[in-house]
Each structure stands twice: as structure tokens, then as C-alpha cells.
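Chains as they are written, first to last, in my numbering: chain A, 1 to 254; chain U, 1 to 485.
Hints listed in this document are in silico derivations from the structure and should not be mistaken for laboratory results. Quick caveat, the model's predicted, so the values are computed rather than measured. Be aware that one or more of the hints could be misleading.
What the hints assert, rightly or not - Calculated from the model, a selection of chain A residues having no Cβ within reach of chain U, i.e. all distances over 10 Å: (1) Asp27; (2) Pro74; (3) Phe100; (4) Glu188; (5) Tyr243.
Stated by the list, open to error - What follows is a list of derived Cβ distance ranges for each label pair: (6) Ala425(U) - Glu188(A): 41 to 47 Å; (7) Asp68(A) - Ser428(U): 31 to 37 Å; (8) Val90(A) - Ala425(U): 21 to 27 Å; (9) Gly283(U) - Tyr206(A): 54 to 60 Å; (10) Asp216(A) - Asp402(U): 52 to 58 Å.
In this text, a Cβ means the ideal position worked out from N, Cα and C, and glycines have one as well.
Residues per chain, in single letters:
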Amino acid sequence: MSLLEITNLHVRVEDREILKGVNLKVDAGQVHSIMGPNGSGKSTLAQVLARREAYNVTAGEILFNGKDLLAMKPEEAACEGLFLAFQYPVEIPGISNAYFLRSALNAIRKYRGQDEMDAMDFLPKLREKLKLLQMDEKLLNRSVNEAFSGGEKKRNEILQMAVLEPKLAILDETDSGLDIDALRIVAEGVNAMRSPERAMLVVTHYQRLLNYIVPDYVHVLVDGRIVRTGDKKLAFELEEKGYDWIIKEEAVTA
Amino acid sequence: MSSNTDTIRELAQQEYKWGFVTDIGEDRIPKGLNEDIIRLISTKKNEPEFMLEWRLKAFRHWLTLEQKQAEPKWANIKYGPIDYQSIAYYSAPKQKPNITSLDQIDPEILRTYEKLGIPLLEQKMLAGVAVDAVFDSVSVATTFKGKLAEVGVIFCSFSEAVQKHPDLVKKYLGSVVPYTDNFFATLNAAVFTDGSFVYVPKGVRCPMELSTYFRINAAETGQFERTLIVADEGASVSYLEGCTAPIRDENQLHAAVVELIALDDAQIKYSTVQNWYPGDKNGKGGIYNFVTKRGACRGKNSKISWTQVETGSAITWKYPSCILQGDNSVGEFYSVALTNNYQQADTGTKMIHIGKNTRSTIVAKGISAGHGQNTYRGQVKIMKDATGARNYTQCDSLLIGDQCGAHTFPYIEVKNSTAHMEHEASTSKIGEDQLFYLRQRGLKAEDAVSMIVNGFCKRVFRELPMEFAVEAQKLLSVSLEGSVG
Ligand SMILES: Nc1ncnc2c1ncn2[C@@H]1O[C@H](COP(=O)(O)OP(=O)(O)O)[C@@H](O)[C@H]1O
Ligand SMILES: [Mg+2]
Chain A
1 MSLLEITNLH
11 VRVEDREILK
21 GVNLKVDAGQ
31 VHSIMGPNGS
41 GKSTLAQVLA
51 RREAYNVTAG
61 EILFNGKDLL
71 AMKPEEAACE
81 GLFLAFQYPV
91 EIPGISNAYF
101 LRSALNAIRK
111 YRGQDEMDAM
121 DFLPKLREKL
131 KLLQMDEKLL
141 NRSVNEAFSG
151 GEKKRNEILQ
161 MAVLEPKLAI
171 LDETDSGLDI
181 DALRIVAEGV
191 NAMRSPERAM
201 LVVTHYQRLL
211 NYIVPDYVHV
221 LVDGRIVRTG
231 DKKLAFELEE
241 KGYDWIIKEE
251 AVTA
Chain U
1 MSSNTDTIRE
11 LAQQEYKWGF
21 VTDIGEDRIP
31 KGLNEDIIRL
41 ISTKKNEPEF
51 MLEWRLKAFR
61 HWLTLEQKQA
71 EPKWANIKYG
81 PIDYQSIAYY
91 SAPKQKPNIT
101 SLDQIDPEIL
111 RTYEKLGIPL
121 LEQKMLAGVA
131 VDAVFDSVSV
141 ATTFKGKLAE
151 VGVIFCSFSE
161 AVQKHPDLVK
171 KYLGSVVPYT
181 DNFFATLNAA
191 VFTDGSFVYV
201 PKGVRCPMEL
211 STYFRINAAE
221 TGQFERTLIV
231 ADEGASVSYL
241 EGCTAPIRDE
251 NQLHAAVVEL
261 IALDDAQIKY
271 STVQNWYPGD
281 KNGKGGIYNF
291 VTKRGACRGK
301 NSKISWTQVE
311 TGSAITWKYP
321 SCILQGDNSV
331 GEFYSVALTN
341 NYQQADTGTK
351 MIHIGKNTRS
361 TIVAKGISAG
371 HGQNTYRGQV
381 KIMKDATGAR
391 NYTQCDSLLI
401 GDQCGAHTFP
411 YIEVKNSTAH
421 MEHEASTSKI
431 GEDQLFYLRQ
441 RGLKAEDAVS
451 MIVNGFCKRV
461 FRELPMEFAV
471 EAQKLLSVSL
481 EGSVG
């Protein structure tokens, strides 16, 4: 059984069909990359997987760990082990990053019937992850994402992923807004989390990130459909020739 | 449709958990308001002549106000006419006339306070907090009196102060809020039945938090309490009041007056966690909370700080204010006001800068949910001689759902050109994106809402004494509680 199995997914937003029949299987231990031009529906796919309600699923099925993902609320999907690193992380004024992280971890632990973690046990764990991402400890006491730089926000997403240890991590344009050093640190953080039990879905517009996080599969999403699947060489080809090439070929074969 | 929207709808269905009625014998006087009633109240309380005279002057003044229809109409609140003749102005639990120790109190009343989480028996008290409990019209218990007396702090019911410390009462009563102040304050002066009294002598830092807990129990009564706190030169005190009432279909009037006086180098911190019955989800019943609170920073370098968390009442009308008379004196106002269902709040502050180098800070956070209407109304006045005065005002509104409203009316009047004024304001909605972000991390929708709201209020909660900050946080969560569909 695959960890994630998407079959014929159709999604509408405000009367416009954005996803037009997406099929995708992801097994535990694998890293898949979704590439595609701006507006092709990558974030829509990520958000639907995370169960954002503004999107209207008109057809299709998604199994996550064998369970019906489309029947889950966002918090249920999260507690089942699905994590989304946001393209645009949200600010929560007045709530410290550390408190937020512990609340989230405990919500998930509670759902799974585990004991809640107190601050004493939690802090060492948090510090260790912080080091991995070379983040300043001061960020723990600041309000969630408030007045964070673009790069800090993205790193903070990966920090959350490291603490929550999901089964499936979806990274939506985690590379955008990062300089090359930050990109390397983030990628190292992500790579440290690769494991046979965990799958990752790396959504990106550019090939650049894939130099650091090497995917097992690359899927190209154009206009709401996965039009091509290959290995990492496909990413290089796209980098060289751009998306137009694939779109044209599509038009010919269609 | 979406369950975020559901959560928001569920928010309008909070339950009030303090709405029970205690069954006790009650000594009440007939409904109605006239000179005989005033005399009867004064007699029941065995008051000296000066008190009766003050009450009667207030009552006669109130009659002229009523004739002129001078009940304030300028606030952004709506309610039907109040029939002042249909209220009983005195209701006291029947108990032995002279209570000398806590175990003489009716066990039903003790149980009520237990249920509310306010144990009155000293050995069970939160360490370091002395409590005065006002049940309907009278004070039933004041704890830790002995310990406070050792350092000379007087903390007792207003009635007791009138008997035992008439000179202090005479000197300060009405000196900040005169009986002519406004319609409701005038009514209070005529009919007030009890309240708390605090006097902290020169140079004494009050060794524990003082707290008064107000409970309206009887039906068809009003509650008119009066609190007077005096901090003599170099003294300091922190005081907290809390309040609840049973669920009743009719509206009940609560018209209190609080006067604070800080002499040279004195400090008073006054915190309120107001949780009167807010009415049901259709807006039926609930307390009309029409309150006049004012502090006078009379001495140089004195400081008065108001912190309020207002979650209850059908209507809240209150403006805890500071008169900054002494040079270098400081006034602060930190406020969280939450209106849900059909609650209305018109609240804020006045900072009147008279002395030189006086400073004031205003931080007001309004949260509106359901059909709630929340108004911030504030006035900052810099008088001619207030050279070097400074004010900082921050005023934020948070909307939950789209049926509610937030309004702000900041008035600024500056008569001295050296004044330094800063004003910041914002209005935001609990965003779907914020809720989704928190839920994606595993938090339930209602926990996500309460996290966002608590974050929004943090600047104010920080000002509350520790134990109460936790209380306030819980109260906000409960007020916004709702199961998610
Ligand atoms: N919440 C939304 N409301 C309206 N249109 C949306 C919304 N989300 C996405 N879209 C539209 O759907 C299309 C796909 O967007 P998106 O999934 O963000 O693409 P990508 O991430 O591949 O750039 C775009 O045309 C975008 O404008
Ligand atoms: Mg995108």
C-alpha cells in the first residue's frame, strides 16, 4: 500500500477548474517533486492535501495511509501525520514560537493517545532541531513568524516539520526567498529527515532546490494535469529548455 | 460550508457556567425609590448622620437629573427604558447580625463561593490574596484582616469602614467621583449598599493582593456597590475585583462607583475580571454594567494603573480614568473587552493631564464575535500647565465572523504645545489563513481561535497579577468555546 494515493482528482475554485484529474502515488521512503509553471495548480494540490476548505473537490479520491483523506479536517490530517510547509507562512502575534510548537506537538500526541510533553522535556528536543537548522534561539521567544525575514519564515517551517516528525511532508516553494546559504541549510535540514518511514512531496518552480534535495521522481504539472513523470534528469531538462517545450509537446500528442 | 465558518458560528453559542442561583433566606426591602427607601437603607446600615445627608443630597440631585432625562445617551449602546421604581435597592442574605468569624457565615453562601472557585476559608485561600466577598447588597466576608492589620492596612467592607473609620470615609468619599458626577454615579451615591474599602498608610507596601468578589444572587435587585481605595504617601497596593451573576431572563442593573486616590509617590494597581451574566445567545437577559471608575493621582510621582478584562454583561458602559494632577504622575489603562452574541460594550478611558511631565499609556483590545458590538471611547486631555506631558495610545480590534462590529472614538485635546502624543490603531479579522495554519499543525479549530485571541490580548494579560492572568486566559477561551461541527 502506498502512503499517498491520489486518483483522478478534480478541484474547483470559485467555478474554475484548477486540477483536472491528477493521479499520483507516493510510497514511504520516497521523495517526489512536483514542478510546473506558475499558476499550474501546485499550491492548490498542496492545500487540498492539507484539507483547506476553500477548495471544492468535485471528483476523485485520496487515500492517506489507507484512510480517506478527503473526509478529514485539517487538524485530523495533521494528526494522522501530514505536514505542509507553507509557501506563505502565517503570522500569529502574541504567541511565542516555542509555545506554539509545543501546543501543536501535544495536540498531535493527544490524538495518538500519547502523554503530553511538558516544557522541561520539550525544550532540549527543540534546541537540538534548532541547531540542525542553524537558527537563533531567540526566534523561540518571538511571536510566530512575526517580523521574521522571508528566510527565517521558511526555516521556521522546516523547524516545525522537524519537531512534528510527519509521515508525509509537503514543501511548497520552500526555496523561494532563500539565498544560497540558507537554501543549503534548509536542504540539509530536510535531508536529515529523510527516512524509510517518511515521504516528501517537494513542490517547486525551479530546479535549483533539487540540486540539494535529490528527488526519486519528478512530476510536471501543467494546467491542472501531471503531463510527465521522470527522474531527476527531467528536472535538468526543464531547467535547460523551460516549460514551453513540454507544453508544446503536450499540445502535439493531445 | 467550511468548518472554519462553523467554528465561528459555534462561537456564538457559548454557555455561561456561573449562572446558578443560591437558595438562602433574603432580607430585602420593597421595590421602589424614594426618600423613605434611602432612609431605610441608611438605618439598616446604622449609618452616621453625614452619610444619610450625603445620600439624600445625591437622591435629590438624581431626581432633577431624571426629570431632565439626563440618563446618558451618547454611548454607542441600545437598551429599553429602565424602570427605576421596579428595582429593589437592598437585598441581603439573612444571617446573624454580627459576624465575627468566617464559620458564622451561611454555609450556602460559602458553598456558592466554593463553586465559583473563590474559597473564603483562610486556610484554603490562594496564598497571598485577601478577599472581600459582596453577596447581593452586602459584604459577607473579608479574609486575612488580621494579617493586614499588622502592617496597618485597612481592608474591609464599606459598611464597616463607615462604622470604624468614619473620618477617612468622610475625607475621601466623593472626592474623585462627586455625587453630582453623572446619572448613574448619582444614583449609586443615593442607594449604594456596600463595597470595599482600602486604606494603605504612609510608606506601606501592601504585603498581599487584595481582592473583592461580587455576586448578584437575588432577582429584581440592582447592585450598587462603592469601592474606595486610598494609598497614602509612598504606599502601594494591588487590588483585583471579580464578579458573576445567575442566569435570569430580565436585565439587572449594576451601577457601581470606584474611587482611587494616590498621594505623593503612591501606587495603585486596580485589576478587574468582569464576568457578569451576559444574557443568552438571543440577547435575552444579562446585566447592565454601568460603572463609574476614576482614580486621582493627587501626589507627585504617583501612579494609577487600571487593567480590565471585560467578558460578561449584556451592556458594559465604563471608562476607568485617571486625573494626573501630581507632577510626574503616571496613568495606565489596559483593557480587553469581548462581546459575543448580542453583547454591547462601550468602554475606554479618560486621561486628564494636569501636572507637569505626566505620562499616560492606553492599550485597548476589543474582540467582537457573534452579533457583538464593541466600542472603544477614549479621551486624552492635556491641560495648559501640563508641560512635558506624554500619551501613548494603542487601540486594536479583532473581529470574529462578519455579523459583529468594532468602533473607535478617540478624542484628543491638547492645550500645551510641549505635549507628545502617539496613537496607533488597527482592526483585523481572525483570518481563515491563520486558522488554517494552526489547524494544519494539529490544533482543533476552537483551540486555534482561542490561541489567536489570547495572542491578541497578550499585552494586556501581562499586566494582570500572575494567578489572574491564567484565569483571564481561561475565561476568554470559555467565552469563545464551541464544539466544532
Ligand atoms: N483561493 C483561490 N481563489 C481564487 N483562485 C485561486 C485560489 N487559489 C488558486 N487560485 C488560482 O488557481 C490557479 C492555480 O494556482 P496555484 O495552485 O497557486 O498555482 P501554483 O502554485 O502552481 O503557482 C491560479 O490561476 C490561481 O489564480
Ligand atoms: Mg504556488
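We went through each hint and held it up to the structure:
Its beta-carbon lying about 23 Å from the closest one in chain U, aspartate 27(A) satisfies the requirement of being farther than 10 Å from that chain. The claim that proline 74(A) lies off the interface is violated: its Cβ sits roughly 4 Å from the closest Cβ of chain U, which falls inside the 10 Å cut-off. With a least CB separation of 8 Å from chain U, phenylalanine 100(A) falls inside the 10 Å interface cut-off, contrary to its annotation. Once the 10 Å rule is applied to beta carbons, glutamate 188(A) is consistent with being away from chain U; the minimum gap is 23 Å.
Every Cβ of chain U is farther than 10 Å from the Cβ of tyrosine 243(A); the closest lies at roughly 28 Å, confirming the non-interface assignment. In this structure the hint that alanine 425(U) and glutamate 188(A) lie 41 to 47 Å apart at CB holds, the actual value being about 44 Å. Take aspartate 68(A) and serine 428(U): their Cβ atoms lie about 35 Å apart, and the range 31 to 37 Å holds. Taken as a hint, the range 21 to 27 Å holds for the pair valine 90(A) and alanine 425(U), whose Cβ atoms sit roughly 22 Å apart.
Range check, glycine 283(U) to tyrosine 206(A): about 56 Å between beta-carbon atoms, so the 54 to 60 Å window is met. The hinted window of 52 to 58 Å between aspartate 216(A) and aspartate 402(U) is violated, with their beta carbons roughly 46 Å apart.
Hints 2, 3 and 10 from the earlier list are contradicted by this structure; the remaining hints agree with it.
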